[in-house]
Each structure stands twice: as C-alpha cells, then as structure tokens.
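Asker: All chains should be modelled from the sequences, with the hints used to inform the complete structure.
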Amino acid sequence: MTTAAPKRELPTRHAYGETLVELGREDDRIVVLEADISKSTQTYRFAEAFPDRFFNVGVAEQNMMCMAAGAAICGRIPFVSTYAVFGSMRACEQMRTSVAYPKLNVNIAVSHAGLTAYDDGVTHQAVEDLGIVRSIPNMTVLQPCDAPSTRKAVRAAVEIDGPVYLRLTRIAMPILYDDNVDFQIGKAIRLRTGGDVTIVAVGDMVFQAREAAERLAAQGIEVDLLDMHTIKPLDVDALLDSATKTGAVVTAEDHNVLGGLGSAVAEALGEHCPTPLLRVGLQDTFAQSGSYGDLLRHYGMDASHLVEAAQRVMRRKQ
Amino acid sequence: MARGQAHDVDSLREIARQLRIDSLRMIHLAGGGHPGGSLSAADLVTALYFHEMNLRSEEPDWPDRDRFVLSKGHGCPVLYAALARLGYFDPQHLDTLRKFGTILQGHPDMNKTPGLDATTGSLGQGLSVGLGMALIGRLDRRAYRVFVMLGCGELDEGQVWEAAMCAAKYRVANLTAVIDYNQLQLDGTNDEIMPLEPLEDKWRSFNWNALRIDGHDMPAILDALRAAREHEQGPTVIIAKTIKGKGVSFMEDQLDWHGVAPNAEQLEAALVELGP
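These protein sequences, in sequence, are chains B and Y. In terms of the working numbering, the first sequence is residues 3 to 320. In terms of the working numbering, the second sequence is residues 25 to 300.
Source of the hints: derived by calculation from the structure; they are not laboratory data. These numbers come from a predicted model, not from an experiment. Glycine is no exception: its CB is placed at the ideal position from the N, C-alpha and C atoms. Take these hints with a grain of salt, some might be off.
What the hints assert, rightly or not - Capping the alpha-carbon separation at 27 Å, the derived lysine-lysine pairs in DSS-like fashion look like this:
no.	chain 1	residue 1	chain 2	residue 2
1	Y	Lys123	B	Lys41
2	Y	Lys136	Y	Lys123
3	B	Lys105	Y	Lys136
4	B	Lys234	Y	Lys136
5	B	Lys189	B	Lys234
6	B	Lys247	B	Lys234
7	B	Lys189	B	Lys105
8	Y	Lys193	Y	Lys226
9	Y	Lys123	B	Lys105
10	B	Lys247	B	Lys189
11	Y	Lys193	Y	Lys136
12	B	Lys105	B	Lys247
What the hints assert, rightly or not - The following residues of chain Y were derived to be distant from chain B, with all beta-carbon distances above 10 Å:
no.	residue
13	Asp133
14	Gly182
15	Ile217
16	Asp225
17	Glu254
18	Gly283
Unchecked claim - If you want the footprint, here are the derived chain B segments under chain Y, 3+ residues with CB under 8 Å:
no.	segment
19	76 to 83
20	102 to 115
21	282 to 293
Answerer: Structure follows, in structure tokens:
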C-alpha cells in the first residue's frame, strides 16, 4: 500500500476529465457522450481535444445512454457523463436493458455523488444510485476516493469487458495516494492495520474514516481500515479476513444505508461470517442544502460519528 | 444478400408470405408472442433484408454490413424467420422460440441470436441505439447504413423524440427509421390511447425527411428505401401504413391479436388463407 501525506486536493471529476484526454490520445476507440454539463463533469477537456469523438446530446440522458450502447456495439469504448442522479435513475432502464443486459463496454461516469453535491440540494444528491446499479447484473461499480485512484479507475474501466458505473465527487478530495497506487477492480486497499474494529469506507467517506481511525488510535483502539473503492464485485476475501480478525465492522458511505456499501457488506458478513455491524450513511432519509461539513455532521456521517459507531459496535463483540 | 443482387417484386412478395407463415407457426409452437405486429411488419422486413440491406450472412460480423435495430422488439418472430431464411442459423431453431434454452428469446438478444445487431424490446430505446451506430459508422468512414424499425405505439415514448432531435442535429443521412404504422397499440387504437397525427408534420418539424407509404405495397416500399438512401442531407423516416395481422382475415385490425398465440385450429385457418 502506498500513501502520501495529503498535500493538495482535487475533485475526482477533475481527475476523470484529465484522464479522458490522456486516454483519447492513446486509444482512438474512446468516445464521450455528454448531456449538457461538460463544464461540470469535466468532459469539456475531451471535447476541446477531440471534437469529432465528443457528442453533446443536450439534456437527454435516456437517449445518451442508448446512443452509447449503439457506439459500443460498433466497436467504440464510450464514456457517458452526467450527474449520478440522472445517470442512475433518469436513464436507469436504458442502462439496464440496452447496456448491461448485452454486457456492452459502456462506462458511465457520474459526478455529484451523495452529499458532495451539498448546496444543490436533494435533486442533485444521488443517495440511492449505488443500490440501484449494484442490483443490475453485469455491472461493475466503482467509487475511488481521490484523484490518483480515480485516474487508475478510469483506465481500469476501459479494460473491463462490460459496463462500469464510476461515481465521482463534486467537491475536492484530499490526495491520499501517489500516482503508483495499486488500484485493482475488486481489490480493497488496506489503509491501516488494526485488530480491534474494521471500518470499510468508500469514496469521500474514506477521509472521514481515516480521521476517525486516528482519533480511535489515540484512545488505544486500533482500526483495520479498508478503502472499498469497488462496491461490486465486493472484495469479500478482504472483508472476511478483517472481520474475522476484529470481530466488529463499521461501514461508511456517502449514500443511503439501504442498498449501497453497508448492504453489500451486511450481505457478505451475513452469509459467510456473521459479525456485529453498524452502517454509517444516510439513515433512509433525503438530505437538504447546506455545506458538505454541516450535512455530514447533521446526518451522522462525520468522523465523530464514525468514532462513536466504532465504540458502539465493539461493545457488541462476543 | 448484397444490395443489387436483390429479388424482384414477385419473389419478395413470396418471401413475405413465407415469413408470415413461419411467424405464425413459431408463435403457435411457443404458445405466446405477438402475431399482429409480426404480420404487419413482414413486407417491410422482407424489403429490407432481401433487397435493400447490404449483408453477408456467412459473415455476420462483417464490419461494413448494414445494421437493423428492431426497436419494436415484440415483432421479432418475423425477423427471426428472415434471419433463418438468410442462413444466419438453422431454421429448426424457429421451433424453439421463447422456450427454455433457446437462441430465440421472447424479445431480441444480440448475444444469443446470430445476425441480430442489437438487444431490443423495451420500447423507445432503439432509435437512440441506431443513432449511436450511425454516428460511429460515419466516424469510422464506413459506408454502412442503419435501419431502425419502430412501432406506432412506441412513438408515445419521449426518448424517441430525444433521438429524433439528436439525429437531426448530427444530420445522420445513414440513419433511416421505418415506422410500422398499424395504428393499433396494446390497449386500443392510437387515436384512443395517444393520438399521433399529424405524424409526418411532427417528423418534418424535427428536421427529418418524412415519407408516407402503404407498408404492404412492395414497389412503394422499395421506392421509399431508395429515396431514403439517396437523401443525403439528414435522416429519413418512412411512415409505412400497415394493417396489424395483415394476411389473415380474422387477425387483421384486431386488437385481440396483439399478443396472443393462435391455437392449432386458428393456425390451420390462417395457413389456409396464406396459401401453401
């Protein structure tokens, strides 16, 4: 595992937009479809570099999703860009039937994951998308936490035979990894090794989890911390290894606790290794406008709440 | 079937008749399916697959082949019958329509059926898929053309009109939409459920080249397909007025034959009408 001290920060959507341009230079098959928010999703960079391979279809996500299917059938590797709310829900059945069912190499890269859309409010905060896309066969589901792992994830998505859902943040994320991070789809990255409690985190919540782990360490509680950047296929081996060792698990996701990482972890533990579990995330509620920090605090998702959850779940150990 | 080696009108009519017979047999054996929309589309599918489209059945993945997207996927029996007749797979498979383990799913699955260019059947999606194909064909500087067959009830879907706007934006002259306009949808007539007229005006206002023909008049179908091929300014839609259940008197224009399989007696009566 390679980490570097946080020295700067970047929204993961920016890392996505930059990597698309690199990929566009390397591989003629890459095309990008966009639904009128290229300045936000950062696909404008690709549009400037490769105007012939960029299709702005207007505010019409359903058409975009199926156009990408047609492009993939004809041998291209399309990226579809929009916000997570629209990619996963407005165009959901198009993704399911025209993309996932024929197992096409369409990469659905969506920004404004969860509360990272903060002051835009509920319309633009996707808190259901992981549950939706995870339940669709053939889908791979990724949410890297920082820019370097996002760059790796974008490249890995191209290599996957089948559709990938790549969840990106609106707001800047600290740089956690260096450029050589060993990002492999389906392989969790262990950020801390500890024997007292496991925290499984995804995306922006990795940073809350790191802070929580430091505070817990100060109390003498050692956290086994996993960056579960791949929600599907879940790294069950890494999860079970850790849960067996610690006997207590907390999940941390910027998403409803129904359907996303917490559910995936609960399913795996329930089937293979029943272990006390607490799921930190939105507790089956919509959020509201506000700063990212205020929202995390109010909805019980910041580092303090993770510390508390870890302490509570540890008391349930047998 | 490469364009130019095509059949004459009489041969095409005979092929269409055979496809109707095959479709009804398949649906009868399956005990389920959509006879009405298979029969209404039979002449259009015949004209495309046995005259207009550039294909190599011995090389189903030929990169320069014309593409066909059956957006009204429930009409697939007639398409399966055409593909079998062209040699994409053994016609014996036709007897397995909708049965467990079949290569002929209830709605088209491109990964199971040789010769299919897209997975379709969820209404409203096929024109977008075809548009994506057409844009890539142009980007790849390939000469292939893309045909998308839509049902009329399907035009209720908003996504069709998203695709229509977008196809006009990109002036994709290699994209042709063919509407099987039998004027019946599942719950009633188009006029009762969702009026579509003035339909040519709608497409023209979306900057499409719109042609209206009798979808059972083989020479008219061939003329329209040629006109679409020669129209280089943008996409063409062929609004083909058809009769649901065409060719079998007791099925024609009957709502009840949208999604019901004929029993043995009904099949026999239908085959008598369609001829030997």
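Asker: Please go over all the hints and tell whether each is borne out by the structure.
Answerer: Here's how the hints hold up against the structure:
With a CA separation close to 49 Å, the supplied pair Lys123 (chain Y) and Lys41 (chain B) exceeds the 27 Å bound. Proximity of Lys136 (chain Y) to Lys123 (chain Y) is assessed by CA-CA distance (about 13 Å); at most 27 Å being required, the pair is judged to hold. The suggested pairing of Lys105 (chain B) with Lys136 (chain Y) holds, with an alpha-carbon distance near 12 Å, which does not exceed 27 Å. About 25 Å separates the Cα atoms of Lys234 (chain B) and Lys136 (chain Y), which keeps this hinted pair within 27 Å; it holds.
Taken as a hint, the Lys189 (chain B) and Lys234 (chain B) pair is honoured in the structure, with Cα atoms around 10 Å apart against an allowance of 27 Å. Among the hinted pairs, Lys247 (chain B) with Lys234 (chain B) is consistent with the structure: their alpha-carbon atoms are about 23 Å apart, no more than 27 Å. In summary, the hint linking Lys189 (chain B) to Lys105 (chain B) is supported, as the alpha carbons are separated by about 22 Å, within the 27 Å threshold. Using a Cα cut-off of 27 Å, the hinted pair Lys193 (chain Y) and Lys226 (chain Y) holds, with the two alpha carbons roughly 16 Å apart.
Between Lys123 (chain Y) and Lys105 (chain B) the alpha-carbon distance is near 22 Å, which keeps this suggested pair within the 27 Å criterion. A distance of roughly 18 Å separates the Cα atoms of Lys247 (chain B) and Lys189 (chain B); the hinted pair therefore holds under the 27 Å criterion. Our distance criterion of 27 Å between C-alpha atoms is broken by Lys193 (chain Y) and Lys136 (chain Y), whose separation comes to about 34 Å. Taking the CA atoms of Lys105 (chain B) and Lys247 (chain B), the gap is near 37 Å; set against the 27 Å cutoff, the hint is violated.
Non-interface call for Asp133 (chain Y) relative to chain B: violated, since the shortest CB-CB distance, roughly 7 Å, does not exceed 10 Å. Taking the minimum C-beta to C-beta distance to chain B, about 8 Å, the non-interface status of Gly182 (chain Y) is violated against the 10 Å cut. At roughly 21 Å from the closest C-beta of chain B, the C-beta of Ile217 (chain Y) stays outside 10 Å, upholding its exclusion from the interface. No Cβ of chain B approaches the Cβ of Asp225 (chain Y) within 10 Å, the least distance being about 22 Å, so the stated non-interface status holds.
Distance check for Glu254 (chain Y) against chain B: the nearest CB is about 24 Å away, which clears 10 Å, and the non-interface claim stands. Distance check on Gly283 (chain Y): its Cβ is at least 19 Å (rounded) from any Cβ of chain B, clearing the 10 Å threshold; non-interface status holds. Remark: the segment 76 to 83 of chain B is confirmed as covered by chain Y, as 4 of its residues place a Cβ nearer than 8 Å to a Cβ of that chain, reaching the required three. By the rule of at least three residues with a Cβ nearer than 8 Å to a Cβ of chain Y, the coverage given for the segment 102 to 115 of chain B holds, with 3 such residues.
Counting residues of the segment 282 to 293 of chain B whose CB lies closer than 8 Å to any CB of chain Y gives 0, which falls below the minimum of 3, so the coverage claim is violated.
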